[in-house]
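Under this note's numbering, the residue at position 28 of the sequence shown is numbered 28, and the numbers go up by one with no gaps.
A few of these clues could be false.
To be verified - Derived DSSO-like pairs: lysine-lysine, alpha-carbon spacing no greater than 30 Å straight-line: (1) Lys-395 x Lys-530; (2) Lys-565 x Lys-441; (3) Lys-364 x Lys-441; (4) Lys-530 x Lys-785.
What the hints assert, rightly or not - Beta-carbon label-pair distances, calculated as ranges: (5) Ala-285 x Ser-629: 49 to 57 Å; (6) Ala-193 x Gln-132: 27 to 35 Å; (7) Gln-157 x Gln-469: 31 to 39 Å; (8) Gly-103 x Ala-313: 51 to 59 Å; (9) Glu-501 x Gln-597: 32 to 40 Å; (10) Arg-613 x Gln-132: 17 to 25 Å; (11) Thr-67 x Arg-22: 18 to 26 Å; (12) Gly-139 x Thr-67: 48 to 56 Å; (13) Arg-354 x Gly-567: 22 to 30 Å.
It should be emphasised that the hints constitute simulated quantities derived from the structure, not laboratory data. Computed from a prediction, not measured in an experiment: that's the story for all the values here. Beta carbons: idealized from backbone N, C-alpha and C, even for Gly.
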Amino acid sequence: MLSVFHLSGDAIRYFDIAAAARDRGLDIATLPYVIRVLWENLGRNQQWGLPVADAEIDAVAAWNQRTGADLPLRVARVILPDSSGLPVLQDLAALRDAVARQGGDAAAVNTQLPVDLIVDHSLQVDHWGSDQAVARNLGREFERNAERYRFLKWAQQAFRGLRVFPPGTGIIHQVNIEHIAPVVVRAERDGQAWAYPDFVIGGDSHTPMVNSLGVLGWGVGGIDAEAALLGQAYTFPVPEVVGVRLTGRIAAPAVTTDAALLITETLRRAGVAGCMVEFFGPAVAALSVPERATMANMAPEYGATCGFFPVDASTLAYLAHTDRSPEHVALIEAYCRANSLFRAPGSPDPVYSRVIEIDLSAAKPSVAGPRRPQDRMPIGRVPADFAERLPLPLKEGGFNATPGVTSGPLHHGSVVLAAITSCTNTSNPAVMLAAGLVAQKAVARGLAPATWVKTSLAPGSRVVTGYLQQAGLLPALEALGFYVIGYGCTTCGGKSGPLAEGVPQAIESGELVAAAVLSGNRNFEGRIHKLIRANYITSPPMVVAYALAGRIDLDLDNDPLGTDKSGQPVYLRDIWPTPEEIAALLPLAQQRTAFLQTYTASSDENDDLKLWRDMEAPQGLRFPWDPQSYYLVEPPFFKAADDGDALSRLERQLRGTRVLAAFGDSLTTDHISPGGEIPQDSPAGRYLMDAGIAPRDFNTYVARRCNFEVMTRATFANIRVKNLLVPEVEGGVTRYFPRGAEAAPSDRAEGEAPAARQEGIQMSIFDASRAYEADGVSTIVLAGKEYGTGSSRDWAAKGSALLGVRAVIAESFERIHRANLVGMGILPLAFLPGQGWRQLGLSGTETYTFSNVAQALRDGTPVRVAAEGANGRIEFEAVPQVLTQAERELLADGGIPAQVLQHFLAAGAHEGAAV
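Start from the sequences and build out the full structure, keeping to the hints where you can.
Dropping the structure here:
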């Protein structure tokens, strides 16, 4: 369905979605915009001669009746943070070596589409409270990560289409919407100009923030990104599309963050996991792109694949004041209007699978916590909720703490960390200006945070610092300790750095439940800081307020924050800005010159990037691995495939398995693969110390992701993970059951009690995995609902595979982690509705045997599972969560690494035969 539109005298071709719909008797106005983008992708690629079948286009045309059918999509680009991007590029370097070792063409392993990598996940808040914090933190970042950054500079010259944004640029998703995303791509093909929608997958789960621009995109695991950038079609099932009808307006004193937390709570409760969410309704037109970005950014928190806002007049206005050229903005408008992708006033509402209505006027000043972003509560409810949780046991959502304990000036509920951080909110000028205004009014009244509160400001781009300076608000923020500490993903991603002097000792000696308050999107257990057990998400101005209060157990609706210079109480309402005050400053954040200055200066012109510019790096096609490195270790994933079919091998491995760990609901990828600091007494910490590396130089788990030895030991090693095989203990421990429950005394380990083989031996999960490996026993994981909630960490799947896990049986899975498990050759299985491992009476101490695996994957029938234990035999069925034919082929090949290696070796053999 080829059509042409004209722009500035040029004829530009495009795949006409409306014409294709009419050809099937459909009215384009009834189709959700996300379905239009998917249809365009398939239709255009079929016209271009790529392998897209008519049946696949039929499936997207009948999307509401064909949910789950395979769609072979080809994205326009891939975007990666360094945290997942470095392992992706490391895998490609290892793949080149593997192909070369097998006699293939290493140069054939190359990126086939544009890839942007933003170095934003390695910054830590080591220094704060000073105008030297930016320079000092950046220097420490390069000191820690020199090996990693040299590898990136090598990769930039080794892989075509790879563009690296150096440390200090900003946070990936904010840089994406402010600068990178083209929204509409113009390309030449066979001498003809074409236009088509920007469509991106990213190696970070908050990639949907770009949905605020009308760009379809979502987060995937690094292993999925690898396959896509190598030119493979990205197979995606036809989604359920949920329409979210927004009504009303955000009313003061609420701000955008409060509306985003309301949306997150509502949609998580409604069950939109794995769905595409598309926003519509009368409230949408009044939302600016930065407001939409805050709401779209939270898509992983409400469980959706995306949170999409179609292109409209607000989109064009935002693009016009960033660094996009007027000519490109004109292309976006002309193409989207021509191809039914522009939402104009009065456009009819599409038809959705279901509709959820949310009244934005219901948003109130709120926090979400203390452990999950969907657990929203109004600020007046916080003190009672904290008090109720304090004595409750861990299994009931409590802290298992003794009320009334103090340690010096600190007590339960003391706020020890307050961070304005994360692209979720720092991309939104209205809430950032509100934070500055709160600070300005607080300083005028003589308020200041307590000495124990660590305060920091980590914007997602340098544009933020510029407009805060122009507005005259930065001095007030600095007066309260909120100095800019750098530009990157810090506290929200677990790189909060050390606490104020004396605070760790007070927390530990008093066993205090201290609190953190941040303007982020994630507050999972053990994520923000290992010593902080109560973590709350809120808006930037509310972060300032809680820093001033110094405690979380305060009713900010009714209790004063403190007293002013004259001894009078100061309430939150006294220093909260009005909408008019914020609106008066907003034009300062919309100056195109600021974006041009931020993003057009090259590294040669920017003194802040001198460290990057001066860093030497290897050259050439293949990376020279250093055998003495503990940062960059060649990964083990690209070995020649074993003889025999991978499915048959998997079925053999799933006989006589043991449970490595058993979990309840909402186990996150932070629990499975932590991203923060590496404790000395952890398996990874002991490994590094055995290598002669001092704890000061451990760096974070994120920074060590290119060392599989560290990351295997990190898997299930979060200090707050609760393995229910050892219910009385937090952390990465389990019970190991040696082969043979009734062993003779001579077969027992030295000092082992006779009952130990039946009751299990407590040890670290890593050590148990190696013991099972020595026994020749594979392992499985049991879990409840929403297994794998959280960031799109491919190491949560990679590490599980390297621990010997061959299957995970859960009540339900989060989308990205489920796909990552398949990509690593691990079988995800779901209990039948209404069942779970605890409901079936399983304890996790049994021996499990799976049958009918290969047939179940072929025809969709359940797998039969038999569990043999002290209480006899329990049999049940579990349904493979392998959703597409492409995923079934992945498991048959042994996962993505094995599949891509086979692809390149087969291609090389084919070329050789042709010659």
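Consistency of the hints with the structure:
1. Lys-395 x Lys-530: holds (19 Å)
2. Lys-565 x Lys-441: Given that 30 Å is the threshold and the Cα spacing comes to 13 Å, the pair holds.
3. Lys-364 x Lys-441: holds (21 Å)
4. Lys-530 x Lys-785: Distance ~25 Å between Lys-530 and Lys-785 Cα, so the pair holds.
5. Ala-285 x Ser-629: 49 to 57 Å: holds (53 Å)
6. Ala-193 x Gln-132: 27 to 35 Å: Check failed, 50 Å falls outside 27 to 35 Å.
7. Gln-157 x Gln-469: 31 to 39 Å: Given about 36 Å between the Cβ atoms, the range holds.
8. Gly-103 x Ala-313: 51 to 59 Å: holds (57 Å)
9. Glu-501 x Gln-597: 32 to 40 Å: holds (38 Å)
10. Arg-613 x Gln-132: 17 to 25 Å: holds (21 Å)
11. Thr-67 x Arg-22: 18 to 26 Å: Distance hint for Thr-67, Arg-22 holds at roughly 23 Å.
12. Gly-139 x Thr-67: 48 to 56 Å: Hint holds: Cβ distance 52 Å, inside 48 to 56 Å.
13. Arg-354 x Gly-567: 22 to 30 Å: violated (56 Å)
Hint violations for this structure: numbers 6 and 13, all remaining hints satisfied.
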